[in-house]
Amino acid sequence: MMMSNYLLVPSKEITKNNHHLMATSPYLLDEVKIVSITKPTSWIVSMVTFFMPLSVSFVSALSALGIILTYSLYLSERYIHPRLKHAAPHPQTGVISLRIIHYFFWQNHRFRPYSRSGQWIAKVWMITLILVAFIFCCMVSVSLYHFHHSRDDLGDLSELQGQSVGILYGRDQKYLQKLKAQPVVYQEAGALFHALAAHDVSYALVGRSALERYVLQDPASSSHIRVSQRHFGYDAWVVLGHKNYGQARLGQPLIEVLDAFIDHVQSSNLAHDICARHTKIPSLCIF
Amino acid sequence: MMVLRFFLRMGIHLLFLCFGSHAAFAADHDDHVRIGMLTNDAPASDLMQSGYASGIGIDIVSQALDQQPISYELVPFSDRVSAVAAFINDDVQLLVGSFKRDHQK
Chain A
1 MMMSNYLLVP
11 SKEITKNNHH
21 LMATSPYLLD
31 EVKIVSITKP
41 TSWIVSMVTF
51 FMPLSVSFVS
61 ALSALGIILT
71 YSLYLSERYI
81 HPRLKHAAPH
91 PQTGVISLRI
101 IHYFFWQNHR
111 FRPYSRSGQW
121 IAKVWMITLI
131 LVAFIFCCMV
141 SVSLYHFHHS
151 RDDLGDLSEL
161 QGQSVGILYG
171 RDQKYLQKLK
181 AQPVVYQEAG
191 ALFHALAAHD
201 VSYALVGRSA
211 LERYVLQDPA
221 SSSHIRVSQR
231 HFGYDAWVVL
241 GHKNYGQARL
251 GQPLIEVLDA
261 FIDHVQSSNL
271 AHDICARHTK
281 IPSLCIF
Chain B
1001 MMVLRFFLRM
1011 GIHLLFLCFG
1021 SHAAFAADHD
1031 DHVRIGMLTN
1041 DAPASDLMQS
1051 GYASGIGIDI
1061 VSQALDQQPI
1071 SYELVPFSDR
1081 VSAVAAFIND
1091 DVQLLVGSFK
1101 RDHQK
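For the record, the sequence lines run as chains A and B.
For the first sequence, position 189 matches number 189 in the numbering used here, and the numbering has no gaps at all.
For the second sequence, position 59 matches number 1059 in the numbering used here, and the numbering has no gaps at all.
This is chain A alone, in the form it adopts within the complex (with noise of 0.2 Å):
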């Protein structure tokens, strides 16, 4: 199992005051992760949020080069080539760079430069046209690569600063703290994510076996729900005991009968099959 980035999530909270209570070994490991909820957008309308600060500096960049490349090329070809010496002797720059372009692409490649320059600038034209494709492609691609990724990953820890995240009772709230976020308890999973999509909360701070339940529950919520790719730790989830409780009968404390059945259900096969019955993740009862 992959190890986490930050451990969150120690939490001896019930045993640690009260000496006379054990826990077992734990049997199962669920990966904590920091949920959020998207406002819910079309693809269409992503896409034009990521791409638009950058096409409006693109269009004006490619605008600008083609106009004074065709116009250069107009003028070096404007007295030589044989059909241009017949046109107007100042048409508008706008008719002139369609005119090219017409000639020069729809027209069977009729158009070919005379002078020396013209041929230079017909090519520098056309790799500039070959490479604004390519920096076009590159831009669709990473808009497409950003719509997709940022939805399921969280950037950094420092996002939760100021903000407000919801955990359930028993979780260890210093890390949190000196995030500077402000954790909000609650009692369940579900009041949890009720509260995250409510937007009563920024984040949560689930664990992956809830989260999993909860889409199982809500599938319509996978499509604007955020998690973060990394895991931030883990809970360890123990059965809780008496320390002595069981010793008269069975000769030893109930807690250690647990502790050995959870050992030999782990190094048999045992704990696969009895994970595969509750979750999709039989993978977390196994380590």
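Some chain A residues near chain B, calculated using beta-carbon distances under 10 Å: (1) Tyr169; (2) Glu188; (3) Ala189; (4) Gly190; (5) Arg213.
Derived from the structure by calculation, the hints contain no laboratory data.
We put the beta carbon where it would ideally sit given N, CA and C, even for glycine.
Given chain A, work out where chain B should sit, using these hints.
Same frame as chain A, but now just chain B:
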């Protein structure tokens, strides 16, 4: 002297009675385990509408206890605070759910 001997005998009887009843109570108390479980805490523990309890923690505990000469009953709790309170007060002897501890023992 007779009075002293009488009180001594009574004291010894009382002592035996106390130890005996304690042992008897302990044996009786250890025969039946009350297991606290969270009702809406899948996949650790969950209580279906039909009353059927399921979950990884439930399976582990029930399979372990089935092999022991003791009976058990599940006591459902809808929230963690009341479950933990009942556990600390010895109303339940085991607690099952997504209760955590530090992985490093």
